[in-house]
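Sequence lines, in order, name chains A and B. Going by the numbering used here, the first sequence opens with residue 1, and the numbers climb by one from there. Going by the numbering used here, the second sequence opens with residue 1, and the numbers climb by one from there.
The reader is advised that the hints may include incorrect statements.
[Claimed, not checked] With the C-beta cut set under 8 angstroms, the calculated list includes, among others, these residues of chain B facing chain A:
hint: 1; residue: Gly58
hint: 2; residue: Ser73
hint: 3; residue: Pro76
hint: 4; residue: Ala82
hint: 5; residue: Phe102
[As the list claims (entries may be wrong)] Some, not all, of what chain A presents toward chain B, calculated at C-beta under 10 angstroms:
hint: 6; residue: Ala32
hint: 7; residue: Leu34
hint: 8; residue: Thr36
hint: 9; residue: Leu37
hint: 10; residue: Thr49
hint: 11; residue: Arg64
hint: 12; residue: Pro66
hint: 13; residue: Thr71
hint: 14; residue: Ile72
hint: 15; residue: Ala76
hint: 16; residue: Ala82
hint: 17; residue: Cys89
hint: 18; residue: Glu90
hint: 19; residue: Leu93
hint: 20; residue: Gly117
hint: 21; residue: Ala118
If you are wondering where the hints come from, they were derived from the structure by calculation, not from laboratory data. Note that the coordinates shown come from a computational prediction; the quantities given were computed from them, not determined experimentally. Glycine residues also receive a C-beta, built at the ideal position from the N, C-alpha and C atoms.
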Amino acid sequence: MTGDSTVTGDSTVTGDRAASGASAIIRVVLPAHLRTLAETGSEVELTVTGQATQRLVLDALEARYPVLRGTIRDHATGRRRAFIRFYACEQDLSNELPDSPLPGAVASGAEPFLIVGAMAGG
Amino acid sequence: MTAVRVLVGTHKGAFVLTSDGKREHWEINGPYFGGWDVYHVTGSPADPDRLYASQSTGWFGQLIQRSDDGGRSWQPVGNEFAYDGEAGTHLWYDGTPRPWTFTRVWHLEPSPADPDTVYAGAEDAALFRSADGGKTWQELPGLRGHETAPSWAPGAGGMCLHTIVLDPANPGRMFAAISAAGVFRSDDGGTTWRPANRGLRSEGIPDPDAEVGHCVHRIAMHPSRPDVLFMQKHWDVMRSDDAGESWQEVSGDLPTDFGFPVAVHSREPETVYVVPITSDSLHYPPDGRLRVYRSRTGGHEWEPLTSGLPQSNCYVNVLRDAMATDSLDECGVYFGTTGGQVYASADAGDHWETIAANLPAVLSVEAQTLP
Numbered sequence: 001m002t003g004d005s006t007v008t009g010d011s012t013v014t015g016d017r018a019a020s021g022a023s024a025i026i027r028v029v030l031p032a033h034l035r036t037l038a039e040t041g042s043e044v045e046l047t048v049t050g051q052a053t054q055r056l057v058l059d060a061l062e063a064r065y066p067v068l069r070g071t072i073r074d075h076a077t078g079r080r081r082a083f084i085r086f087y088a089c090e091q092d093l094s095n096e097l098p099d100s101p102l103p104g105a106v107a108s109g110a111e112p113f114l115i116v117g118a119m120a121g122g
Numbered sequence: 001m002t003a004v005r006v007l008v009g010t011h012k013g014a015f016v017l018t019s020d021g022k023r024e025h026w027e028i029n030g031p032y033f034g035g036w037d038v039y040h041v042t043g044s045p046a047d048p049d050r051l052y053a054s055q056s057t058g059w060f061g062q063l064i065q066r067s068d069d070g071g072r073s074w075q076p077v078g079n080e081f082a083y084d085g086e087a088g089t090h091l092w093y094d095g096t097p098r099p100w101t102f103t104r105v106w107h108l109e110p111s112p113a114d115p116d117t118v119y120a121g122a123e124d125a126a127l128f129r130s131a132d133g134g135k136t137w138q139e140l141p142g143l144r145g146h147e148t149a150p151s152w153a154p155g156a157g158g159m160c161l162h163t164i165v166l167d168p169a170n171p172g173r174m175f176a177a178i179s180a181a182g183v184f185r186s187d188d189g190g191t192t193w194r195p196a197n198r199g200l201r202s203e204g205i206p207d208p209d210a211e212v213g214h215c216v217h218r219i220a221m222h223p224s225r226p227d228v229l230f231m232q233k234h235w236d237v238m239r240s241d242d243a244g245e246s247w248q249e250v251s252g253d254l255p256t257d258f259g260f261p262v263a264v265h266s267r268e269p270e271t272v273y274v275v276p277i278t279s280d281s282l283h284y285p286p287d288g289r290l291r292v293y294r295s296r297t298g299g300h301e302w303e304p305l306t307s308g309l310p311q312s313n314c315y316v317n318v319l320r321d322a323m324a325t326d327s328l329d330e331c332g333v334y335f336g337t338t339g340g341q342v343y344a345s346a347d348a349g350d351h352w353e354t355i356a357a358n359l360p361a362v363l364s365v366e367a368q369t370l371p
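One chain only, chain B, in its complex shape (with noise of 0.2 angstroms):
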């Protein structure tokens, strides 16, 4: 009987959330490692049951802890993620320099055909690999070894290494996407990398189309067309048809480009979600309406998504790593909020139900498609 889990990390633990295929019914099981942020909860494309979550504190620092079970118990593994050889320095919101110092692990990337091999992306932005089940993490140092990297800065929510795309039919291709920095490219493995920000356009820095310092939000691929990639940036709905060697906007009849999350539909490679939000100063929807808005043109042409969705007085966020899609022959869309609701549609978007209401704020989802 096939059946999905969606996996939840808020800012105070993590949950797992199950349906059956008709994803009518769900339960929740959770909170996993409650009290502490859990930036990121994802499974093993090659090994459903194989999950990892990035757990951290302020106050604590960093864990990361694996799942070999489908979330039911899980084990700390490795937690030292050491910058490689001398760190250097990047740009400080003031404009000084400031020694590369890890934070926390954003964004957790296991290899599509390997359970053992995952990828971190960390703040202050660093790209990490453990080949061993997360025992053991090392930085692919080319990244952040990049003649450009002096010159990174911060955006609002720290230097963060927040989205790792790997491309399927090209082992070696893999991209990054940094705030404030941009995206990069790899065609080798992750040993060296270039800026791949061409056709980018950002008003909020000196130069608007400057080969680096793009607030990219989140890349989206989809998995049958890895040339194709879909961006929302801080402003602006962006597509690239050349595997990010350029880019053109998609922004199209949106109410508003700005946003966080970008996903695409599991079936159907040229139709995409985002969730706009007002503005870079009012993090919450248009209107107090939160609406999913969907295209089925690949860009340019949006629909909004609204039923079952507050429609008055909502004033949550959808943030860039909190929405998701399954693989089931109708696509289930899911995204957290904020406010700590979870919305499911089992299809593709036209109706949303609430599949838990009151978690913490949800700072990412995930979905995996079981047997």
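Chain A extracted, bound-state conformation (with noise of 0.2 angstroms):
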């Protein structure tokens, strides 16, 4: 599936692409009760323009799919919630800053994002 979001957001970080407002696609993998929330199948691919970053990935999630907002972040106080995780290239993003660079790999499309939901519960 492609995506057609476009989020613009400040870049923290240079490199060629976001000095030149390169737009990428990334790839964002959702948990089974996000995909049926947003009718949709487990990979979405979400354009984001400038340096990929957790926040830039997440507007952009929730600009193309409005009902994601408040499920993946508090609405009160914009932070992931405590029982969502994110994953890529095999390590825990969870704790960077919103505003990091995503690793190249999911810059580049090459890797997915993955939104995952803690296993906790019963």
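Using the hints, put the two chains back together into the complex; each one sits in its own frame.
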């Protein structure tokens, strides 16, 4: 699925693409309940302009699927909900700063950005 | 042809049970929102095809779902419940101040007159209102702004605003009940509030007859007599004849006066139902026998209703929002259990049938009478 949402954010990291304002396709994998809510498949592709960061990717995701607002980031604080995790390239990025650049393989679309419901509960 | 629709919220989704007016055969549809906690599903008195559901999980937070076709299809609407202004603090379990934090919506109460107006009771305790069919929500901050609010503390289930009662005769009058703060009443449409707990006595708090701090589990009103309220408190079944100005205990001859739901017969305002539970530390029926108790005298004198209910080895609970009545000539009574059973009586409680046997733990039951 090809996304058509473009979210423009301020880039905090310099780079050829960021400097030029070029767009990139970011692959995002959603957990099952959020796929159901968004009425989409497990992986979505989003267009992000500038340096890909967690914040820009989530902004683009919520712009395309407004029903996901509040389900990944708390409405009041804007922070990741406690039982949500962000993984990519076999790394836990959950506690990275929202404006830190995502790994190059995510920014290039080679690897997906995984939004995961933490293992808990019954 | 008259029909009945029973709306069931469970720990793993919502179900819609329908029958004709005989209430003998039931069709079960669902789960809707499978895998999510559905604390409450209810319908608009002004438009029975307009339903609202509160859908949440600890992972993904809160959603509100709306149906405009009696539950056949649903659309997520607004889910932003922002406390008005500075959130302030209430007391936490350890007695320290804790900032008000939204967790979930426990109860939805549609306006009797307008399908697009609906109230939501939240944890941490606050009252929200939508006037656009659930798209946007605004807090009615006067309740949480009450001078006693910094002293409110949660019950075991969280500090939830779980009961909203709208007075059909006085559009400005409404009641809200909070565990464990108690009952509050507004006479101006929710702008200002005052505690309505005089007469309550709770041994579990330092001052047993304090103005606030009571663990009220549920209140119920008959629409034809809005000044009469019934209450199931943590312990004690109570009654008010003056719109909450004062309360008197009517537990009478109940085997135990601990419990969660209380419901009123739709045509007999003095006929009341409770489900006695052993104690605050044993949340199951006494002696493993599931018995609904009915009073036809507005309290004090109670009779057990057992026909069709398990009378041995039954250790389920019936939660505060999980009992309802329909408004047919012969009043139907419905309740759901934490064991996933939904029971129905088409004769005001004399006989019960199991209309769903193996659902997830039931959180709420509402009954709609359809023309």
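Checked hints:
1. Gly58: Holds. Min distance 6 angstroms.
2. Ser73: Violated: closest Cβ of chain A sits about 13 angstroms from serine 73/B, beyond 8 angstroms.
3. Pro76: Proline 76/B check passes; min Cβ-Cβ to chain A is 5 angstroms, inside 8 angstroms.
4. Ala82: Holds: closest Cβ of chain A sits about 6 angstroms from alanine 82/B, inside 8 angstroms.
5. Phe102: holds (7 angstroms)
6. Ala32: holds (8 angstroms)
7. Leu34: Since chain B brings a Cβ to about 7 angstroms from leucine 34/A, closer than 10 angstroms, the hint holds.
8. Thr36: Holds: closest Cβ of chain B sits about 8 angstroms from threonine 36/A, inside 10 angstroms.
9. Leu37: For leucine 37/A, the interface hint holds, since the closest Cβ of chain B sits about 7 angstroms away, which is under 10 angstroms.
10. Thr49: With Cβ-Cβ at 26 angstroms, over 10 angstroms, it is violated.
11. Arg64: violated (15 angstroms)
12. Pro66: holds (9 angstroms)
13. Thr71: Cβ of threonine 71/A sits 4 angstroms from chain B, so the hint holds.
14. Ile72: Cβ of isoleucine 72/A sits 8 angstroms from chain B, so the hint holds.
15. Ala76: Where the cut-off is 10 angstroms and the nearest Cβ of chain B is about 6 angstroms from alanine 76/A, the hint holds.
16. Ala82: Alanine 82/A check passes; min Cβ-Cβ to chain B is 8 angstroms, inside 10 angstroms.
17. Cys89: violated (23 angstroms)
18. Glu90: Since the shortest Cβ distance to chain B is 22 angstroms, the answer is violated.
19. Leu93: Cβ of leucine 93/A sits 18 angstroms from chain B, so the hint is violated.
20. Gly117: It holds, given that the least Cβ distance between glycine 117/A and chain B is near 5 angstroms, below 10 angstroms.
21. Ala118: holds (7 angstroms)
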